[in-house]
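For the protein sequence lines, the chains are F and X, in the order given. For the first sequence, the residue numbers in full-length UniProt numbering are 1 to 351. For the second sequence, the residue numbers in full-length UniProt numbering are 1 to 351.
If you are wondering where the hints come from, they were derived from the structure by calculation, not from laboratory data. Where a beta carbon is used, it is the ideal one built from N, C-alpha and C, also for glycine. Hints are not guaranteed to be accurate.
FRET-style restraints, in silico, Cβ to Cβ [what the hints assert, rightly or not]:
1. D168(F) / E346(X): 46 to 56 Å
2. P343(X) / D311(F): 21 to 31 Å
3. T262(F) / P154(X): 41 to 51 Å
4. V349(X) / P154(F): 32 to 42 Å
5. N201(X) / E341(F): 30 to 40 Å
6. P154(F) / A127(X): 31 to 41 Å
7. P143(F) / E346(X): 30 to 40 Å
8. T20(F) / P154(X): 28 to 38 Å
9. G252(F) / A148(X): 26 to 36 Å
10. D247(F) / V349(X): 22 to 32 Å
11. G234(X) / R121(F): 55 to 65 Å
12. A21(F) / D174(X): 27 to 37 Å
Calculated cross-link-like contacts (lysine to aspartate or glutamate; reagent style EDC-like; alpha-carbon spacing at most 16 Å) [what the hints assert, rightly or not]:
13. K344(F) / D291(X)
14. K46(X) / D174(X)
15. K203(F) / E346(F)
16. K99(X) / E346(F)
17. K99(F) / D174(X)
18. K344(X) / D291(F)
There are 2 protein chains.
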Amino acid sequence: MTTKSLRSMLACAVFLAVPTAALSNDLLEEAKDYFEPIPSVVPSVKNNAVTGDKIELGKMLFFDPRLSSSALISCNTCHNLGMGGDDNLETSIGHGWQKGPRNAPTVLNAVFNIAQFWDGRAEDLKAQAKGPVQAGVEMASSPARVEATLKSMPAYEVAFAKAFPGEDSPISFDNMAKAIEAFEATLITPYSRFDQFLEGNTKVMNEEEQAGLQLFIDTGCASCHAGVNLGGEGYYPFGVVEKPGADVLPAGDKGRFAVTQTADEEYVFRAGPLRNIELTAPYFHSGKVWDLEQAVAIMGTSQLGEDLSDDEIKKITAFLKTLTGEQPRVDYPILPVETSETPKPELMVVK
Amino acid sequence: MTTKSLRSMLACAVFLAVPTAALSNDLLEEAKDYFEPIPSVVPSVKNNAVTGDKIELGKMLFFDPRLSSSALISCNTCHNLGMGGDDNLETSIGHGWQKGPRNAPTVLNAVFNIAQFWDGRAEDLKAQAKGPVQAGVEMASSPARVEATLKSMPAYEVAFAKAFPGEDSPISFDNMAKAIEAFEATLITPYSRFDQFLEGNTKVMNEEEQAGLQLFIDTGCASCHAGVNLGGEGYYPFGVVEKPGADVLPAGDKGRFAVTQTADEEYVFRAGPLRNIELTAPYFHSGKVWDLEQAVAIMGTSQLGEDLSDDEIKKITAFLKTLTGEQPRVDYPILPVETSETPKPELMVVK
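Same shape as in the complex, but just chain F (with noise of 0.2 Å):
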């Protein structure tokens, strides 16, 4: 082969899998008007520095069983930094192998997010933190128990003594609370391939991508799922246009209404932020749907009320796999001894 022919195949070949360069800037400022790149930088949070000490602190506590009270789950056990920031199952199991009412959201770039849970019940990361340590089906821990064990290892009384300094009684419920969130603020993905579109480099999404992203803002999908994290921003109804099945939408589950009382909010959940969505299998508040083209549909239907094409389905699900960004990561922390202060282990369930 002359060395002519072979660069007319490799130019063919670019021309196959990268738009022409004038179609992507038409694309990329479409897209800005609707998505933002996540910063390379640990964002500020509301009413809570976030400072070094305090991440380092939030990183024990976060891989901490003992804020269970077996002792056995901790903060990563459903939110594995390792999987995504989820455990990929459809509900998480929690204390006594009990099962919780919903799909595990993932932590990373959640501090995004407007609020927290499916149902934003939570307004922010650190009244998060509160909640799945005292569910009795997750960690069946209560504020009194965890204070008591912090309080019984050395250690803890020096980290959190660093991270709030001046404070009178720096180990508290809310101050672990604020530790946590700190450390949940530096889990972000920063440089996908669509963040790096974002800034311009367009050529590292190919044509299908591309073709995938223009679809996501025309069909409609990019209403819902906008900002940084394509989602969790808002609320909306699961079902605007056609409520999908009981096997994907449980009637026993009404969403937000659990938390506003209003009829109206009956089956409203926040819209999913979808970074990194390819990691988090299984889909949805149920996580019933593995498979992310067959929740593409789903959506589509359930939504827009669009029968999306397998084409359509693929090119937008090859365009949310550009969302996967670089996984945080950590050092995982040597823990504080235990002392005979230190509660035991409860490992029964009470009902």
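With the hints as your guide, set chain X onto chain F.
Frame of chain F; chain X shown alone:
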């Protein structure tokens, strides 16, 4: 205060805290007959070359909960590297919240033990690694399920091919165990104060600790708890002189008898390795004793026929706390992404 009186006070303090150099040197020479320091390099293991690629793969596998059928329990669940390499529970909690029969031994320095498990039924760490993965009360998986799981994820295909170059079918249950063994060989804790003492720096152990070491040798503890791990090298009846109560030594667990079916091996267990012992409460195969001083007292009466005085117990315990070494620092692994081929979690308990 004059400089001179300050100096003489300091001299006095030093005199109180550290024995004379001559006494320390005698003790050091005696100690060297019984004990060996932990090497500062990763030891080799039999029939399994420890390579960087194998260690990296082994680390992923060690932290991957998808080796369990629930996709919730990893090696690190019961051998938590942030908590001394065990779970600080009486006996471990496994699949379906079932309680395991014995206290989880630490994985730290386990590579130096003569054999694995409390009854030594696994000859090495690669044999050990296959046990909990299959045990119904632990991870409740099977070789076939593990292989199907690993083969379903392209990133594991790549990692196994790198770790086991030239093999036709690198993903296998055997190779899973070999990779875990290679990673576990890195989980050693050198540079404890006792190691520094053994290397000749006798000043790192104070008077009480050195007195404890002397007692540890003189009362006979060191006849079973010797070598690199101060234990883990041989099998002995629990209750050589006097059987402890059924609360500490439950009648139903006959130890090595179940392995060898030899009558005189009833209630015979591997002498517990004592490295990092202050991090791994509760103690004994039953996990019934939370207090290290109490454990020392029980060993005195049951194994040596000695009612150790409170002062002796305190000194021996002080010595045992010099066995805490530098804990291994591990970068938490980002795990391979599941595919549609990955077996789904099985949460039911099959009895």
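Do the hints match the structure? See the list:
no., hint, verdict
1, D168(F) / E346(X): 46 to 56 Å, "50 Å, holds"
2, P343(X) / D311(F): 21 to 31 Å, "30 Å, holds"
3, T262(F) / P154(X): 41 to 51 Å, "46 Å, holds"
4, V349(X) / P154(F): 32 to 42 Å, "39 Å, holds"
5, N201(X) / E341(F): 30 to 40 Å, "33 Å, holds"
6, P154(F) / A127(X): 31 to 41 Å, "39 Å, holds"
7, P143(F) / E346(X): 30 to 40 Å, "35 Å, holds"
8, T20(F) / P154(X): 28 to 38 Å, "32 Å, holds"
9, G252(F) / A148(X): 26 to 36 Å, "34 Å, holds"
10, D247(F) / V349(X): 22 to 32 Å, "24 Å, holds"
11, G234(X) / R121(F): 55 to 65 Å, "58 Å, holds"
12, A21(F) / D174(X): 27 to 37 Å, "52 Å, violated"
13, K344(F) / D291(X), "12 Å, holds"
14, K46(X) / D174(X), "14 Å, holds"
15, K203(F) / E346(F), "55 Å, violated"
16, K99(X) / E346(F), "13 Å, holds"
17, K99(F) / D174(X), "33 Å, violated"
18, K344(X) / D291(F), "12 Å, holds"
The structure does not agree with the numbered hints 12, 15 and 17 stated previously, though it agrees with the rest.
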